[in-house]
Every structure is written in structure tokens, then in C-alpha cells.
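Student: Read off the chains here:
2 protein chains.
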Amino acid sequence: MSAPAAIPDTPTFVTHLECGMTGERLPADTLQNLSPKGWPILVRYDLAGVKAALTKELIAGRAPNWWRYRELLPVRRTENVVSLGEVMTPLIPLPRLARRLGVTAEVIVKDEGRLPTGSFKARGLALAVCMAKELGVEKMAMPTNGNAGAALAAYASRAGIETVVFCPDDTPAVNMNEIALQGARLYKVNGLINDCGKLVGEGKATAGWFDTSTLKEPYRIEGKKTMGLELAEQLGWEMPDAIFYPTGGGTGLIGMWKAFAELEAIGFIGSKRPKMIAVQASGCAPIVRAFEAGERHAKLWENAHTVAAGIRVPAAIGDFLILDAVRESGGFAIAVEDAAIEQALKDVATEEGLLLCPEGAATYAAYKQALGDGRVKKGDRVVLFNCATGLKYPMADGGKPLDRHGSIDYSKL
Amino acid sequence: MSAPAAIPDTPTFVTHLECGMTGERLPADTLQNLSPKGWPILVRYDLAGVKAALTKELIAGRAPNWWRYRELLPVRRTENVVSLGEVMTPLIPLPRLARRLGVTAEVIVKDEGRLPTGSFKARGLALAVCMAKELGVEKMAMPTNGNAGAALAAYASRAGIETVVFCPDDTPAVNMNEIALQGARLYKVNGLINDCGKLVGEGKATAGWFDTSTLKEPYRIEGKKTMGLELAEQLGWEMPDAIFYPTGGGTGLIGMWKAFAELEAIGFIGSKRPKMIAVQASGCAPIVRAFEAGERHAKLWENAHTVAAGIRVPAAIGDFLILDAVRESGGFAIAVEDAAIEQALKDVATEEGLLLCPEGAATYAAYKQALGDGRVKKGDRVVLFNCATGLKYPMADGGKPLDRHGSIDYSKL
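Those sequence lines, one after another, are chains A and B. Counting from 1, one number per residue, gives the positions in the first sequence under UniProt numbering. Counting from 1, one number per residue, gives the positions in the second sequence under UniProt numbering.
Be careful, since some hints might not be right.
Just so you know, same-sequence chains aren't split out, so a pair can sit in one copy or run between any two.
Calculated pairs, SDA-like style, for lysine to any residue (alpha carbon to alpha carbon, straight line, at most 25 Å) [claimed, not checked]:
#: 1; residue 1: K378; residue 2: S83
#: 2; residue 1: K51; residue 2: G61
#: 3; residue 1: K56; residue 2: A3
#: 4; residue 1: K139; residue 2: A98
#: 5; residue 1: K139; residue 2: P401
#: 6; residue 1: K56; residue 2: I7
#: 7; residue 1: K204; residue 2: P27
#: 8; residue 1: K400; residue 2: G208
#: 9; residue 1: K272; residue 2: G38
#: 10; residue 1: K346; residue 2: D170
#: 11; residue 1: K368; residue 2: E24
#: 12; residue 1: K272; residue 2: E302
#: 13; residue 1: K204; residue 2: G379
#: 14; residue 1: K204; residue 2: P401
#: 15; residue 1: K198; residue 2: D170
#: 16; residue 1: K139; residue 2: G372
Since the hints were derived computationally from the structure, they do not count as laboratory data.
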């Protein structure tokens, strides 16, 4: 008995691209950034075709990585698949903390830190790189708070595509080192991620790079969509009651929402949806402010600051797609203080043995807060997204010195 | 269609324990450290029973984690399984470097950095903690160079077991922080890992802790054994030609060798074995020295030093088990310079987008060296073990400053 092929050689069912705001139809298999009207682009599939071709049993027999959903992904030719050993990220319940909170349903962390380059950014950037390869791109550029740049660098180097990455100059050294070691040309910019983004846009014509910024090309959403496909399959094609998602650019939230719609269209799930809950830090909460004001677009957040650098995103071009999904789902947007994030990180590590990243810890802090104000119930089965490995983040020093040449009182250790 | 259970509820086939040196039989289901004669203990199974109960098809239908091999693991009661979301670690080929080396067969990295706590230590410590829970242990202690301590802390905290961990005082901060955050009491010792190990042994009676040091309890080998089981299944139950394994305490090498014997006994593989190649750093190479001298035991390596802290292990209690396996397999032990390790780390990251840990990079350096001296051939299919995520390690700084307020010449970026 041989192991299943890592990449099933099946067709894609992509029919066309579509402006996320106006619905304007654009051709597939052409290089696209924003739509002609300046909005993010969505990828559309022949879902009737997928429904006829794909079964749950077929998927179950494939290798445990996101290429098992190949029919719902945009890559046409298998030779353009760029892989760094993707895995289905595990679901890890928090039984000890659930007991402490008096919760009766499961509280589950989906640990995205197990992906290549240690974060969920691998999903989006892998697909962006595959499609860039398929469409003949030779040079890609992006702004990053760290993890996206690392994922782009890794997948692009593997594909033989050159990369130029811009990050805020206070990005942690571990992220900068990772990006540079993995073959990108990295620039440290005196500004935030939206400032970096401007440089990418400005330099495009002169430098000849493809702008891979969040939602400025169509395929990162398709990669992030696999979080929703995977989660649904792992839960036996049952939806949880709520999903807490750390929200910067929001690609993952938008992607999961799209995944659920596609899964319903192919008959894999019913009409039940989880409440989509956008988690932000109180020092940078443009989506929360827009949600509470009943607006469809979010204003730029001035003087953004938070320990959770990955969600320090003052402006998101897909704000309306995030807010639409949150509202349609009956969910909400919620902001948490940095102190609550730090406490959550410690609680989950010490009690459950699970070291979250600050953005992942923010989702646990938000869950506690929403339990407290009644917006989620003790009987709700919730999924918290830990978007990256906790090992990438500087933390308080640990350990007490012990002199092995001295006299040690072991009864006190 | 529901997802397969994360932990299949099947029996274990453990019959007894056995001294790894003398073969003396010891009862299962009792707490054991070293054998009465002072040697590491091996776990034995009713392999005829396993053969009758287990098929490749049965395994293929189970969730993609090491509990799919439950019949070959020692935990009796499912409630004693402690899990942090294990995954089958991916096999990642290095096609660009293989081409550059003129190699005609696959060069594959098995990336153990995807496991809980970011290293292969999770395998051994998960099983040690499960069995400690099953046998009623309340407090565990161990010496560590970093990753083992992190894995013990995480799994034990999750199991509600107290931990005391000792590490050399020059252990990287990221490791110490991780251990402490995950709930262990951590002591920084002025010495190397064998000095830390002495403290664990000395304090045992007074402090009442269970000594979880490498090979001083029977179950870490059983956990590490899953590397061999998993690798065999992922390669379609075909053995590779050679396995390059970074060797400190050697539990994984011993465990894989045991796995292959058990797989042959249950009829899953034939008699072909990979050459087992123990990789050490030239600044700490006790196994290499013993291998070359034709000895069965290794002398303590004085003044051990290497950038690959995980293999800075001056003395290994299971030296004879490592050397036996290496020799029986037709393999060898090989030492690489720190400069070669650092170059290997850069080459694999830049060319293949894969950031190895220094110990993992040592296996690539060793592979190149062995290709050069003819001990492996260009047609040999080899597996290199990357034992931990590269993100845990301090690396050279990256990134060039860019002033967004200045005039930027994009044609030069």
C-alpha cells in the first residue's frame, strides 16, 4: 500500500475573477492586482462542476494537507504547485481553562503555528506564489509586519522568484532574520505597515515587481480559505458556534466566509454558520470602530500600537468584506487591551502547555471578554485561531540560577 | 461523514520491559528508571498480536498523528493520552540543492519543527508524560539543552504534573522562556547537560521527583520510535537508503531502529534497512570517536562546544545502543565543523526556503561531506532529520534601512 500523493493531480474549476465590490467579471489566468475600480478581487469556480467531481470520501483518502481541496483551489498545472510540507493544522482543546471558566462546550484552538514558516501567512502566500509562478511573475514585493514576509520569502525562493520585502523598522529581529535568510531582499522602513505598502505601490512601475500586498492580488484569499475548508472537515463537516479571528488585513476571515459558502454550494455543509468574531487590539481597532458605528468602511486608525504586531494594521483595503462577513454571520468585532493579551498568553501556556502568539492570545482574551458580556454563551462551541507559533515572539526571561558547586537543598526545589 | 477520532481507542500490546544491555525481563505497568544493572530499558510487545490486529489500511484511515500507531505504543488507557495536537511531520525534498550537487535521487528533510513545542522532543516527552500519568507520577525532573525541557513542561502542565527543569546557563533565552512560561520550575546551572543530569539524579530521593532524563526511563524511546513508523508509512513502507540523524543522547536513532525491527516483525516492511548515520559536531563527537575506534561505549568528550547546542551532549548513556544500530545498519558516525553547519543553514534557507535548526543543518552538512568522501552515493535516497524549528535559534541580523521620507530610487531595489 503506497502513501497518497502529496499533491492530487486533479483539475481546478476556476471560471473567472470578480470585483469584490461591484461584481465586475474579469478573466481568469491573467495577472491581476486590484479590480479596475480599485477593489479586491475574488476567484469564482464552477461549483456545480466541483459538486459533481468531489466527495467527502475522496478528500478523506488524500494526504493531510490543503492540496486535498485542490478542486477548490486555483492552480491549474501541478508543476506550479510550490510546497514546503504543509500540514492540516491541529485542533487543540483547552479543557483546563474551560473548566475554570465554567464553560460546558469545547473551547478549541486551531494552531496555525505548525505551518511552514510558523504562521497562517503560509496559506495565502503559498497560493499567491503558485499563481505567480503559473502566470510568469519573476519578482514579487510586499509590506509585512513579519510573518507574511517570511512566508513570501520562503515560497518564492523555492519557486525561483525574486522578492523584495518592506517591514516597519521595529519588527522583531527573529522575523527580519527569517525573511532575509530565506532569500528576500529586506528593507526596514521608518513607518507602519501601511507606509511600507505605499512604497510597494510606488515602486511597482519602476522596479517591475508584482504587488503581493494583502488583498491586492486575488489568490491570498484562496489560500486562507483553506482554514475554513480544513476546520469544517476536522469538525466532521459541522460548523462551530463561533470563530474568534485575530483581524489585521482580514484575509483569513474573508477567506473562511467564502469557504463556507462554497462548501454549502457543493452540498458539504448546510446553512448554519459560525458567528465570525473579528478580534483587534484596543490600540488599533479600526474594524471594531466601524462595526460599532454601523459603517461599511473603516477609517484609518491613528497612532496604532499594540504588543500584537500582526494585528497592528491601521487600514484594511478589504474592510467592507470583513464587516459584511461579520454582520451576515451575526458576529461582532471586539477589541482587547494589551494587558489582557499578555495575561491570556500566560494562562494558556501555564495551564494548557500551549504557547500562543500574542495575536492568538488576543482571541482567548476576547473570548473571555465576550463570555463576560454575554455575547457568547457558556454552551457555545468556539474556535480560537492561533495564527503563528509563540516561539517567534520575545517574552519575559525565565529561570533561576543554581550553582552546582554549592550546597543544594533539594527539598526546596 | 465524520472525521476520524484523534486518538483511536485500541489496546496496547505491551508484554514486558527489558534491560537494553542484559535482556533481563522486568514487569510492565510499573515505574522504572534504569534497569537493576544500570542500563536503559526497552519496551517489548506481543508483535504476533499486533500483526493479527493491525493492517496498513486500518492505519491509513486514522487521523494523521502518531496515535494512529497506538497498538505499537505503551499507553493502556485512552484517558491517559496527553495531546497537544500532534501532526505527521512533513517530508520536504530539496530539489534545487540536489540539482546543484548533481544528485540523482531524492534528498528529503523530515521537518520535526512542526510538532508541539517546535521540536522532535515532543515525541519522547509526550509518551513519557502519558506513562507518568498512567503510573501516578506527580513530579518530573530533567536536564535539558532547551527543547526537551520545553516539551516536558508543556505536556506535563497539560497533564497536571509538576516539573522541575535544569538547563546550562548559556541556553538561549527563547528556550528558557518557553520552558518557564509553560509552567516548569526552571533552574539555570553553571555547567553542561551532563552536570544538570547529575543534579536531577542527586535530588531524586529528597525532592521526590521522577527522573525523566534521556534513556533513564523506558518511554521516551517509544515516542521517538514514531519517527521511524511515520517515515516508513510516508515513504509507502519503503525504506530510504540512508538516514542522517543529529545525535546527542541518540534516543531517536535507537527508537527508529527499534521501529524498523517491529515493522518487519509485523510484516509491514522487509529486511532492507537504511544506513543509520549519526551526525555530531566536531566540537562534541564522542560517538564518532567510539565508532572510529571500534568501541562499543563512548568516553566523555571534554570541553564540548558547538553552535548546535542540541547535540552538545558529552556523554550518552545509550552509547552502545546507538553504536550497535549504526554498525548493524552498515552506517557510520560523522562529525561536521560549526562553519559547515552555518553554511548549510544558509544554503537550505536561501535556496529551498526552509529554515533548519543548527542540528538539522548539521545533517545537510554531513550529507555533503559523505557525498564528497564517497560514503553515500549520488543515487542514494536520503532522509535528513531537522529536529526543531529554525525559529528557536538566534541568527545573523537581516534587513537594510530605508527612509520613506527620502527620495527612493526604485530602479535600484
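Student: Should K56 paired with A3 be assigned to within, between, both, or neither, using CA atoms and 25 Å as the limit?
Tutor: both (19 Å within a copy, 10 Å between copies)
Student: For K139 and A98, with the copy left unspecified, which applies at a CA distance of at most 25 Å: within, between, both, or neither?
Tutor: The answer is between: 24 Å across copies meets 25 Å, while 47 Å in one copy does not.
Student: Between copies, within a copy, both or neither: which fits K204 and P401 at Cα up to 25 Å?
Tutor: Result: close only across copies, 19 Å inter versus 53 Å intra.
Student: Given a CA cutoff of 25 Å, do K198 and D170 count as a within-copy pair, a between-copy pair, both, or neither?
Tutor: within (18 Å within a copy, 42 Å between copies)
Student: 25 Å Cα cut-off: does K400 pair with G208 within a copy, between copies, both or neither?
Tutor: Intra 53 Å, inter 20 Å, cutoff 25 Å: inter-copy only.
Student: Given a CA cutoff of 25 Å, do K51 and G61 count as a within-copy pair, a between-copy pair, both, or neither?
Tutor: both (17 Å within a copy, 23 Å between copies)
Student: Should K272 paired with E302 be assigned to within, between, both, or neither, using CA atoms and 25 Å as the limit?
Tutor: Neither. Shortest intra-copy (37 Å) and inter-copy (65 Å) distances fail the 25 Å Cα cut-off.
Student: First find the shortest C-alpha distance between K56 and I7 inside one copy, then the shortest across copies, and answer within, between, both or neither for a cut-off of 25 Å.
Tutor: Answer is both; intra-copy 17 Å and inter-copy 21 Å each pass.
Student: Given identical chains, is K204 near P27, meaning Cα to Cα at most 25 Å, within a copy, between copies, both, or neither?
Tutor: Within one copy only: 22 Å inside, 70 Å across.
Student: Go through the copies and call it for K272 and G38: within, between, both or neither, with a Cα cutoff of 25 Å.
Tutor: Classified as neither: same-chain Cα gap 32 Å, cross-chain 60 Å, threshold 25 Å.
Student: Using 25 Å as the alpha-carbon threshold, which applies to K139 and G372: within, between, both, or neither?
Tutor: neither (48 Å within a copy, 35 Å between copies)
Student: At 25 Å max between alpha carbons, let me know whether K378 reaches S83 within a copy, between copies, both or neither.
Tutor: Close across copies (24 Å), not inside one copy (40 Å); limit 25 Å.
The structure shown violates the earlier hints numbered 9, 11, 12, 13, 16.
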